Amino acid sequence: DTAVSQTPKYLVTQMGNDKSIKCEQNLGHDTMYWYKQDSKKFLKIMFSYNNKELIINETVPNRFSPKSPDKAHLNLHINSLELGDSAVYFCASSQSGLAPLPGEQYFGPGTRLTVT
Amino acid sequence: GQSLEQPSEVTAVEGAIVQINCTYQTSGFYGLSWYQQHDGGAPTFLSYNALDGLEETGRFSSFLSRSDSYGYLLLQELQMKDSASYFCAVRDDNNDMRFGAGTRLTVKP
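In order, the protein sequence lines correspond to chains A and B. Sequential numbering of the first sequence, starting at 1, is according to this note's numbering. Sequential numbering of the second sequence, starting at 1001, is according to this note's numbering.
Please note that a few of the clues may not be correct.
Below, simulated DSSO-like cross-link-like pairs (lysine-lysine); rule was C-alpha separation at most 27 Å, straight line [claimed, not checked]:
{"no.": "1", "chain 1": "A", "residue 1": "K22", "chain 2": "A", "residue 2": "K67"}
{"no.": "2", "chain 1": "B", "residue 1": "K1081", "chain 2": "A", "residue 2": "K44"}
{"no.": "3", "chain 1": "A", "residue 1": "K40", "chain 2": "B", "residue 2": "K1108"}
{"no.": "4", "chain 1": "A", "residue 1": "K9", "chain 2": "B", "residue 2": "K1108"}
Hints in this document: simulated from the structure, not taken from any laboratory. Being a predicted model, the structure only gives us computed values, none of them experimental.
The whole structure should be built from the sequences, with the hints applied where relevant.
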């Protein structure tokens, strides 16, 4: 069984389009995250959700919006896609909430987004 | 500002021992983690140190010195499959997980 799954694995689209990436975890974790990894492999956190509430919101463009229908899902919507949005997006989850956390997160397989 | 510094590349031969260092400067500190990422794959958790000292898990060990804001990942008996990128990460007091830029380890025969 896949612990953290993402769809699609690959996404090729044109500038200006709106797209969504879905994420689901079956680990019973209460915190989920979205990361962006650029071509230089730098991992940057974008959002995290704890019990359906946003607890981290990095300075990402408001074209990006996370949506969590329930504790097991955290989807990422991107409006008006730009060339610079091309990257690999990873979903992740962890067990803990707002308190000091252990450092273990489980990552999904990633979605490679290419904007042309 | 906040930063995590680690070498960009390390090369070693099979069977050898390699140490990947990480120094950090963050607002608050709640432990140092290490992740492995193979090309085309997802980061996978390797280890976590909240307290000073050495944590050992099989061929991999991780060390932390909070007074020096420093840690390292030690890989022993290197195998070809260990070729990957290794990231150190710190959770700061904003509950943000900060990752280093990653160290690309190449293991040669």
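Each hint tested on the structure:
With a C-alpha separation of about 9 Å, the suggested pair A/K22 and A/K67 falls inside the 27 Å cut-off, and the hint holds. Note on B/K1081 and A/K44: the hinted pairing holds, with a Cα-Cα distance of about 26 Å set against a maximum of 27 Å. With a CA separation close to 23 Å, the supplied pair A/K40 and B/K1108 stays within the 27 Å bound. Straight-line distance between C-alpha atoms of A/K9 and B/K1108 comes to about 31 Å, which puts the hinted pair past the 27 Å bound.
Hint check: a violation occurs at hint 4 only; the rest are consistent with the structure.
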